[in-house]
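Q: As a plain string of letters, each chain reads:
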Amino acid sequence: MMRFTRFLKTEVEVVVGRHVLAENDAIVFIHPSIAKVAGVKDGDTVELERKGRVVRLKAKISEIAPENGCFIPNGIYASYLADLDNFKRFKANIEVSDGEVTKVEDIMKELSKS
Amino acid sequence: MSFAFKLLNREKKLEDCKPLFEDPKYSENRKKLEELLKPLEEATETGLIVKEELCVGCGNCVVVCPVHVADDPHGAGVGRGPTIEDPILRVENGVVKIVNMNKCRRYGKNRILCVACRDNCPSEAISFLEG
Amino acid sequence: MICPGCSCLCDDIEIIDNVVRNACRRGAELFLKYKENRATPRVNGKEVDVDKAIEAAIDILKDSKNPAIYGFDTTPVEVQELAVKLAEKLNTYIDDNSSFCLGDLVEIVLKKEVPTTTLDDVRDYAYVIMYWGANPYQSLSRHMSRYTYYPRGKERQKGYEEDRFLVVIDIRRSETSMLAKTNARYIIVKNDLELIDSFFKYMEGKPAKYADDVAAIIRELKKSNFNVIFGGLGLKYGLKDLKPFIDLVKKLNEISPTYFIPTGFHANMRGFNETLFEKTGFVNKYSFRENKSDKSFAFTELLKNDLIDSALIVGTDPVKSLPFEVALKLKKIKTIVIDPRNSLTSRIADVVIPSAISGIEQGGTMVRCDGVRVKLETIEEVEVNDYYVMNKILEGI
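Chains A, B and C, in that order, give the protein sequences.
Mapping of the first sequence onto the working numbering: position 114 corresponds to residue 114, and the numbering continues sequentially without gaps.
Mapping of the second sequence onto the working numbering: position 58 corresponds to residue 1058, and the numbering continues sequentially without gaps.
Mapping of the third sequence onto the working numbering: position 199 corresponds to residue 2199, and the numbering continues sequentially without gaps.
Because the hints were derived from the structure by calculation, they are not lab data.
All figures in this text were calculated on a predicted structure; none of them were measured in a lab.
Think of the CB as a built atom: it goes at the ideal place given N, C-alpha and C, for glycine as much as any other residue.
Derived contacts from chain C toward chain A, CB cut-off under 10 Å, selection only: (1) Asn2135; (2) Tyr2137; (3) Gln2138; (4) Leu2140; (5) Ser2141; (6) Ser2174; (7) Lys2304; (8) Leu2322; (9) Leu2330; (10) Leu2344.
If we take Cβ atoms under 8 Å as the criterion, some of the chain C residues that face chain A in the derived model are: (11) Arg2173; (12) Glu2175; (13) Tyr2237; (14) Ser2321; (15) Glu2325; (16) Leu2328; (17) Lys2331; (18) Ile2348.
Here chain A stands alone, though its shape is the one from the complex (with noise of 0.2 Å):
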């Protein structure tokens, strides 16, 4: 399949916050804004790689999420791409994916490797 998104790789702001119904989901919620410089539909997966760390959620296209940019719920998926200095509010690439959304069992199998 051709992927003319391969070349789409838009830089974002990512939020991260409490959301009670997505606590544990891979998701992330992206504002209309962004949604369309960067290709992404509703219900696609998106890669979101920040500092060589990569997760890979599920699109929402939401306007609870900041303008040009994405909100993704507490959890192990943002702490991933989080660090100590920019922890509620960082930079991160987005590009549509074809891969499989990510496994928590993914992230704590790098863990468990370390």
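Starting from the known structure of chain A, arrange chains B and C on it as the hints suggest.
A: Then chains B and C, alone, in the frame of chain A:
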């Protein structure tokens, strides 16, 4: 035309139209009508629909309801869970449930278009048939 | 029944015919699913008797040169007191989630740098209600319906449309901001200092970035004699230093009495802050060796700088909720986890000790986000709870 109106007002049911169910040449139309009328089944007498998968149980709807404020001034009216036995809405197991629609101001002959619960639901879990 | 789900500590929960009434989704799940995913006692991954696990924990702490005590935000005050006692006995570090959460905001209240009030008084008297960097819809779901914007009160009989003015300040269109409709204001702010600055500039008659919003708020403040600002994580992380905010609150009080309450999240985070404050004069990040509190004594900093060789982690899950670099450091030291459930941290822990869920299986006192103390009730008591474990550890040291 009047049958259509009576259908929407729940005064008549689709089953009341005998030819629709008995004559096989109308089976396509019957299926289409049943599809169209499905939301009606899910809505209450007042046209109120709750999408439970969007509800986090914040209780705004319970507390803003003008009927609750009048009938339960020391309960829902001041933010507590309803202390009356038959409130219109109550949060049960974390999501809002319709308990007694009869008291809702949208119900019955003298109904009015009250939208307090819907307008204060931040996740649009509450909606009405008319929009 | 009191719900121990968050720092709202709602006291109107009823359980009738196995249906939980009035609790929000988070609280209801606690009551409905408390028997699920329970931890079992383990040492180095192997299941053992709980007393053996406690002995193994005592051995780790005894052999450790620099242990850290961490967590306790979901345990009652009486257990937190035992934690402080243990940290003192071990002459070591103690910290909780508030060091990266709302500890700073609780501190300015306890040190009386800003005036404060109770949620009950907010319901009865408050007109202007400001949520600054907080999204109570998700973190404290019933906050607005139980205590602030929606309920009627003694001097707020006409309800939210006439007797309340809601202000929501956030970096994004949160669910809470959707409620700022009539008689309300939603201010989108990327830089909190700019908003604070706008207040001062406007009051000095100078041009300001948020002049319209500030003018509206000040106009409303003048209409009443009781207003409140709720500060959340957005405020804490939006400002490197809280001094400008403290100055703002002081300035607003010249116009009209304006109180401050930290929004909160963990059921008893404020309890930990108050317990430690009473003993040491500090709310978190404390070292009994140095007899002081410092940024470098935060649990995350101690790990980052390799200053500890063991950690007692109680009622919290740092592998899940803290940045991955913390999890990597935790793997390198000896960890003891006391938790009613199987957390992600317990998967890498050397010792896992099961415990009881506060407010359902063990009682005690918890402190609401506004400082009001509540006495928890229980559905069923269990023998192996935080009191049992902590007392045994204290005896063994």
